[in-house]
Amino acid sequence: MLKISNICKKYGDNLILDDISFMIDESKIVGLAGPSGGGKSTLLRCIQQLEKIDSGSITCDGQVCFMFQDFQLFPHMTVLENLLYAPKLNDQFKNHEQYAEKILKNLGIYDKSASYPAQLSGGQKQRVALARSLMIHPELLLCDEPTSGLDVATIFEVVSLLQSVRELGVTMMIASHDLDFLTKITDQIVLLRDGKILTTIETKQIENPINYLRKYY
Amino acid sequence: MTEFISNVTFIGNGIFITLQLLFGGLSIGIALGILATILKYNGFGIFFIDRIISILRGSPLILQLSFIYFSAPSVLGIKLSIVSAGIISFGLNSFAYISEILRAGIKSIPKGQFEAAKTLQIPNYYMWKDIILPQIVRNILPAMINEVISLLKETALISTIGGMDIMRTSQTLAAQQFSYFMPLCIAGGYYYGLVLLIEYLGRKIEYRSEYVKN
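Going down the list, the protein sequences come from chains A and B.
Note that the working numbering has the first sequence beginning at 216, numbered continuously upward.
Note that the working numbering has the second sequence beginning at 59, numbered continuously upward.
Some hints could be false.
[Claimed, not checked] Simulated crosslink set (DSS-like; lysine-lysine; CA at most 27 Å straight-line): (1) B:K176 <-> A:K317; (2) B:K176 <-> A:K303; (3) B:K176 <-> A:K225; (4) A:K267 <-> B:K262; (5) A:K243 <-> B:K187; (6) B:K187 <-> A:K309; (7) B:K176 <-> A:K267; (8) A:K267 <-> B:K211; (9) B:K211 <-> A:K303; (10) B:K137 <-> A:K267; (11) A:K309 <-> B:K176; (12) B:K165 <-> B:K187.
[Unchecked claim] Now the in silico label distances, taken between C-beta atoms and shown as ranges: (13) B:Y99 <-> A:Q378: 41 to 47 Å; (14) A:V374 <-> B:D108: 47 to 53 Å; (15) A:K309 <-> B:E264: 34 to 40 Å; (16) B:R115 <-> A:H352: 47 to 53 Å.
None of these hints come from the bench; they were simulated from the model.
Ideal Cβ placement from N, Cα and C applies to all residues, glycine included.
Generate the whole structure from the sequences, applying the supplied hints.
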């Protein structure tokens, strides 16, 4: 699905990603853990081509979409307009109105269709951001800190939301510093620190993944 | 009373010139401002445009107006009418301010908005038209209203080269009647009335975009 080989990324003299290589299989959820400044966001941004890599290669078969930490909904558009704007411009996406309705109903925010982002709570914005990403039928969804700034109850909601996205067959990569959240949802966790991969674990095969990962912080 | 009404009507004749200067100047200012902003954003002629803006902001408007009106015949060999000299100089001057307002407007849009449009595969043209520009317009509205009001009052400078605007008609009347009080009050009333109208329209547009705030 996604193959990353030997990528390096520098900001000035700072080496942010140092020879990163790994692969992700289809329909897996992979977590990116590690301390702040470890390169999690930068890696996701490189995969989405928001940043240029200095060397190495990234190959991905299928559509990629990115969910921003601060959602970046379009503030002057209603929820529905936010969802419909991109697919409306692209002939590749058909029946997007019905699809938007279906997604909004599934995510429980259909009644917010006519609201503006400023009128929504953090959790609702998160759902809208997710819905908007799904509108372009991504095969790979990149989520940057999807739980930051959310309360515990909402984090539980995010977990079930992302699990329902997985049922659509979407592969996901989630960067988060919240190990508890990551172990709940991922198949695999990659631990990044100082731009290097320190370890990769299969979440379900380790007895206490949180304790195991904490050693590396 | 009849004298007052005839004074008001006489000075009111100047409103057409004032409005011509305002709308003409504003159109040139906005058009050049957008052009310069697009050029600068794409990295063309930044140094050159910045120098022009610096010079236009760095000299008195009355100097620019006289320069264009009085020196155009000798330098360029064309005789400009008073109103066109006014529209050109007010347009150029407000261009300098408007392009800075637009620059601030672009800076006010978070980088993430551009990135979000990119991740959703929205083509550049549509991104600017439907996502970035509406937000810029909303953010710069108060500053633009400021600029319109200040340009309206600056158009009074046209009276120094003989343009029959509100200011000049009131001065003419004052000279005829040997009394400045009434004519200047009436002229002030016209300007203030126009400013109130601009403020009202501005507030209406701002109100319309209230929900849009982040």
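How the hints compare with the structure:
Restraint check for K176 of chain B and K317 of chain A: satisfied, since their Cα atoms lie roughly 24 Å apart, inside the 27 Å limit. Between K176 of chain B and K303 of chain A, the direct Cα distance comes to roughly 15 Å. Compliance with the 27 Å bound is thereby established for this hinted pair. A threshold of 27 Å between alpha carbons decides the hint, and for K176 of chain B with K225 of chain A the separation of about 22 Å falls inside it, so the pair holds. Annotation: proposed proximity of K267 of chain A to K262 of chain B is violated, straight-line Cα distance about 44 Å (limit 27 Å).
Proximity of K243 of chain A to K187 of chain B is assessed by CA-CA distance (about 37 Å); at most 27 Å being required, the pair is judged violated. At roughly 23 Å between alpha-carbon atoms, K187 of chain B and K309 of chain A fall within 27 Å of each other, so this suggested pair holds. This hinted pair checks out: K176 of chain B and K267 of chain A have alpha carbons roughly 14 Å apart, not beyond 27 Å. A distance of roughly 50 Å separates the Cα atoms of K267 of chain A and K211 of chain B; the hinted pair therefore is violated under the 27 Å criterion.
A C-alpha spacing of about 45 Å is found between K211 of chain B and K303 of chain A, which places the hinted pair above 27 Å, so the restraint is violated. With a C-alpha separation of about 55 Å, the suggested pair K137 of chain B and K267 of chain A falls outside the 27 Å cut-off, and the hint is violated. This hinted pair checks out: K309 of chain A and K176 of chain B have alpha carbons roughly 20 Å apart, not beyond 27 Å. This hinted pair checks out: K165 of chain B and K187 of chain B have alpha carbons roughly 16 Å apart, not beyond 27 Å.
Range check, Y99 of chain B to Q378 of chain A: Cβ separation about 42 Å, and the 41 to 47 Å hint holds. A C-beta distance of roughly 52 Å is found between V374 of chain A and D108 of chain B, which places it inside the suggested range of 47 to 53 Å. Checked against the given bound of 34 to 40 Å, the beta carbons of K309 of chain A and E264 of chain B, roughly 39 Å apart, stay inside it. The hint said 47 to 53 Å for the Cβ distance between R115 of chain B and H352 of chain A, and at roughly 50 Å that hint holds.
Hints 4, 5, 8, 9, 10 from the earlier list are contradicted by this structure; the remaining hints agree with it.
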